[in-house]
Amino acid sequence: MGLICSNIEVNYPEFTLKLDLKVEKGELVSIVGPSGCGKSTSLQLITGLIPCTKGSITLNGQLINDKPVWERNIGMVFQDYALFPHLNVEKNIAYSLRFKKLSKKERKEKVKQMLALVGLQGYEKRKIGLLSGGERQRVALARALASEPQLLLLDEPLSALDAKMRKHLRQEIKKIHSATGITTLYVTHDQEEALTISDRIVVMEEGKMVQFDTAEEIYTNPATLFAAQFMGEGTLLPSSMIEKALVINENKRPDFLAKESYDIFFRPEDVVLQTNFSLPMAEYKNHLLFEDVKIVAQEYQGGRYLLRCEWNSYPLLAYSSSKIETDNINLSIRLEDIKIYR
Amino acid sequence: MKLRKGGIADSGSILQSSSFYKIVGTPSVLLLALLFMVPLLFILTKAFVGEDKTFTLSRVFLLAKDPYTWRILRFTLFQAFISTVVSILIALPGAYLLANYTFLGKKLIKAISVIPFVLPSILVVLGFVIFYGNSGLLNQLLMALFKLEEPPLKILYTFKAVIAAHAFYNFPIALALISTFWEQLPSRYNDAAMTLGAKKLTIFRTITLPRLIPPILSASTLIFLFCFSSFAILLVLGGGPRFTTLEVEIYRRARMLLDLEGAASLSLLSIVVNIILVGVYIWTQRLVAHQEEIELIDQKRLIRREKSVLIKILIFIYLAFSSLFVLGPLGGIVYRSFTAPVSRGGKVGFTLRWYKELFGSSQVSSSIMGVAASALLLSFVIAFLASFVGLVFSTLLSSRLRNQKGRYSLSLELFAMLPMAVSSVIIGLGYLLISNWLNPSHLGSRALVVLAHVVIISPFVLRTVLPEYRKISFSYTQASLTLGANVRQTFWFVELPLLRSALITAFAFGFALSIGELNATLTLADSSLVTLPIIIYRLIGSYNFAGACALGTILILICAVVFFVSELAKRGEIK
Numbered sequence: 001m002g003l004i005c006s007n008i009e010v011n012y013p014e015f016t017l018k019l020d021l022k023v024e025k026g027e028l029v030s031i032v033g034p035s036g037c038g039k040s041t042s043l044q045l046i047t048g049l050i051p052c053t054k055g056s057i058t059l060n061g062q063l064i065n066d067k068p069v070w071e072r073n074i075g076m077v078f079q080d081y082a083l084f085p086h087l088n089v090e091k092n093i094a095y096s097l098r099f100k101k102l103s104k105k106e107r108k109e110k111v112k113q114m115l116a117l118v119g120l121q122g123y124e125k126r127k128i129g130l131l132s133g134g135e136r137q138r139v140a141l142a143r144a145l146a147s148e149p150q151l152l153l154l155d156e157p158l159s160a161l162d163a164k165m166r167k168h169l170r171q172e173i174k175k176i177h178s179a180t181g182i183t184t185l186y187v188t189h190d191q192e193e194a195l196t197i198s199d200r201i202v203v204m205e206e207g208k209m210v211q212f213d214t215a216e217e218i219y220t221n222p223a224t225l226f227a228a229q230f231m232g233e234g235t236l237l238p239s240s241m242i243e244k245a246l247v248i249n250e251n252k253r254p255d256f257l258a259k260e261s262y263d264i265f266f267r268p269e270d271v272v273l274q275t276n277f278s279l280p281m282a283e284y285k286n287h288l289l290f291e292d293v294k295i296v297a298q299e300y301q302g303g304r305y306l307l308r309c310e311w312n313s314y315p316l317l318a319y320s321s322s323k324i325e326t327d328n329i330n331l332s333i334r335l336e337d338i339k340i341y342r
Numbered sequence: 343m344k345l346r347k348g349g350i351a352d353s354g355s356i357l358q359s360s361s362f363y364k365i366v367g368t369p370s371v372l373l374l375a376l377l378f379m380v381p382l383l384f385i386l387t388k389a390f391v392g393e394d395k396t397f398t399l400s401r402v403f404l405l406a407k408d409p410y411t412w413r414i415l416r417f418t419l420f421q422a423f424i425s426t427v428v429s430i431l432i433a434l435p436g437a438y439l440l441a442n443y444t445f446l447g448k449k450l451i452k453a454i455s456v457i458p459f460v461l462p463s464i465l466v467v468l469g470f471v472i473f474y475g476n477s478g479l480l481n482q483l484l485m486a487l488f489k490l491e492e493p494p495l496k497i498l499y500t501f502k503a504v505i506a507a508h509a510f511y512n513f514p515i516a517l518a519l520i521s522t523f524w525e526q527l528p529s530r531y532n533d534a535a536m537t538l539g540a541k542k543l544t545i546f547r548t549i550t551l552p553r554l555i556p557p558i559l560s561a562s563t564l565i566f567l568f569c570f571s572s573f574a575i576l577l578v579l580g581g582g583p584r585f586t587t588l589e590v591e592i593y594r595r596a597r598m599l600l601d602l603e604g605a606a607s608l609s610l611l612s613i614v615v616n617i618i619l620v621g622v623y624i625w626t627q628r629l630v631a632h633q634e635e636i637e638l639i640d641q642k643r644l645i646r647r648e649k650s651v652l653i654k655i656l657i658f659i660y661l662a663f664s665s666l667f668v669l670g671p672l673g674g675i676v677y678r679s680f681t682a683p684v685s686r687g688g689k690v691g692f693t694l695r696w697y698k699e700l701f702g703s704s705q706v707s708s709s710i711m712g713v714a715a716s717a718l719l720l721s722f723v724i725a726f727l728a729s730f731v732g733l734v735f736s737t738l739l740s741s742r743l744r745n746q747k748g749r750y751s752l753s754l755e756l757f758a759m760l761p762m763a764v765s766s767v768i769i770g771l772g773y774l775l776i777s778n779w780l781n782p783s784h785l786g787s788r789a790l791v792v793l794a795h796v797v798i799i800s801p802f803v804l805r806t807v808l809p810e811y812r813k814i815s816f817s818y819t820q821a822s823l824t825l826g827a828n829v830r831q832t833f834w835f836v837e838l839p840l841l842r843s844a845l846i847t848a849f850a851f852g853f854a855l856s857i858g859e860l861n862a863t864l865t866l867a868d869s870s871l872v873t874l875p876i877i878i879y880r881l882i883g884s885y886n887f888a889g890a891c892a893l894g895t896i897l898i899l900i901c902a903v904v905f906f907v908s909e910l911a912k913r914g915e916i917k
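Residue numbers (my numbering), protein chains in the order written: chain A, 1 to 342; chain B, 343 to 917.
Please keep in mind that the hints were generated in silico from the structure rather than gathered at the bench. Backbone N, C-alpha and C define an ideal beta-carbon position, used for all residues, glycine too.
Calculated lysine-lysine pairs in the BS3-like style (CA-CA distance at most 30 Å, straight line):
hint, chain 1, residue 1, chain 2, residue 2
1, B, K364, A, K67
2, A, K91, B, K813
3, A, K127, B, K813
4, A, K323, A, K244
A few chain A residues facing chain B, derived, Cβ under 7 Å:
hint, residue
5, T47
6, V69
7, W70
8, M76
9, F78
10, F99
Label pairs and their computed distance ranges (CB to CB):
hint, chain 1, residue 1, chain 2, residue 2, range
11, A, K294, B, T444, 57 to 63 Å
12, A, G133, B, K364, 34 to 40 Å
13, B, I365, A, L130, 35 to 41 Å
14, A, E299, B, I365, 55 to 61 Å
So here's chain A without its partners, still in its complex pose (with noise of 0.2 Å):
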């Protein structure tokens, strides 16, 4: 059950879309990447606005391959909403009822109860244009949900909003989401966004699916450099510089240093900071050891500093609690907080 997509390809001029795909019943997952990688693409693939010619679709046991995409029943909230201008907000809410059937009395009933939903009681007669930006996205999901659809897809819905309000409704659709228990997929370009909201995220670079996996586990083992740029800053360093900083305090050396050029990728939280250079490094694992570190900026986040560092004309990341107030500094990173990519 649920949605299964599988051995899905397109070719476009640019890249090669590859989709297969199984998402668990009442599962949010989202598809995370950056503009033009084929994530809008593959949602279009899945409501049928574009053909799907190789592979299959599945959505709760049936083939909708060969459906058309207004009886697909899969519900779609666009980026810029596509709230229907020359309609009230009931109307648009209960557009897809009349398709349906309903009589008069059900679809007002339904429109009630998708309002309550959204926390809009009330705007039945309101019209799209007097709306705000947050107004409308509610709108927006109310009608693809009013349909009760068995599929929601949700492409880049929080976009147009500003910061404060995207954080608002990201929490709202994560809450309507748990009551409604609808399958959902969910693209954004935000990784932050994707961290907070899904129960598994798939990466996409280009067309391929990179990763699929949960929060945790892409943002602290991520497949690709790709992924683990993506979700997050880090620091990207050659094979070749590691001699420069080993410590080697365990027997045994990681198999690792045998291979040959290879790139290392960590995490800023990971990063041990040592201000005061009279005392040694308090690290008895195998670790990287910067010495002399030179910090270019500080970058204060609320909370926490972010400092930009340059090691042999390499930068570095690592967090601080408090502003550092020497111009150097020592850095080190264990060995197992290190991923390796080819």
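Once you've looked at the hints, dock chain B against the given chain A.
Frame of chain A, contents of chain B only:
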């Protein structure tokens, strides 16, 4: 690398492969093609097929060898050129004022300049006769003012009258095009030039003028095109073989000399010139579009700008001139329709006599005025049918063109605009040839008039609908589809309602064009078919100016209503 946003309209979209748009779009293309190509084919046949039913070039050669042909072509081009220059010269000061200043009466100038767009040519002719004629209102006024014995203005039935009428008809086009463009020119270049030490006049010469050339060229080509195929104005105001143009000559040969072969051969010449002009026009449009980024006009910038005394005088003169120039003839028509001489001394008083005669409540024997009521009805029916059919064709065609990208779509669009490259007299001639061949019934001959009107108005209707259709975001259509509406339902419940005001405007525009159509109707119809413009034309011809004015007033009223309705629709006040 990037996929375009809303890339749904690109290759592989279901909208592009949807059979609905193909099913509704293709027949309208084919029917429009048929309505346009068949009459052209008849013309070609007449021009190239001889008595023995074989291909011949002899008629075309005969025509090419005739110095008369070339004299007419030369004159046609010459009068169009002079008319264009005069129209542009009249428009330029107005464009300068509209683009650079805010002043009392600015709206009036803008409103005035819209009038000629919706004014049938026969009304322009009538207005000119009434206002500028030897015993016209302007002469009467001048004679009374300066106690003159003789009318000071004697321009009617001269070359001057033709040019003046063309300028009246076309200067608003130049005014609108140039002032809109001028208004949107970014002012920062001027500011930059000023900081570099350039004086006002230098700035105009070196910065503004060069950038105004594309819109001036574009407006000139359009006006030239219109004047080249102008018909009614030359037919009546030119008043004789001395001022014959290609269009008038085609009409004369077809309807007076009954030399259909000659008319058809001459049509070829006109079509060739027209196609070249349309090509040049499209080129100048690209120049305008590509020239530079435009900025939204900053009204505050205009308000703050100080007006010197010279500018104030210029504004006053231009206001007075354009009001008199445009409203004079129109007001003249209305005035004459309600007045009649009450004494031998030439004193006039208010009367409804002409209207009574028109609608048969006071019979006048042997006058065509009695048929006015039926002509009015016929004109209404023709205009309604033609604009309805044209609107349906254009809307369906637009629905197809919106979902289609690439070369195929462009060629389809150009094809649909083709009738613009053929003058209405020639379309009338084509339908006349069809009519001669079919020998249709009473009703059939009226149907042919409707079809000819459909061909003439469709490009204009399409030009109104298509851009608005393209403005509808694809996400509306997509949203409707995901909400369970199929393509047909989406067309009815989302796309058409969103187009509402464009459809009303387009219908009104088509209706106004059709109800004022004289050229094709006169060329095509037999004497039993009388429309509003045809009666007006005949009344002018028989010097019954008062009757013509009464009918003209009715036509003005119809156009005003149509214009009002479309303005309301544009402002979204019709729900």
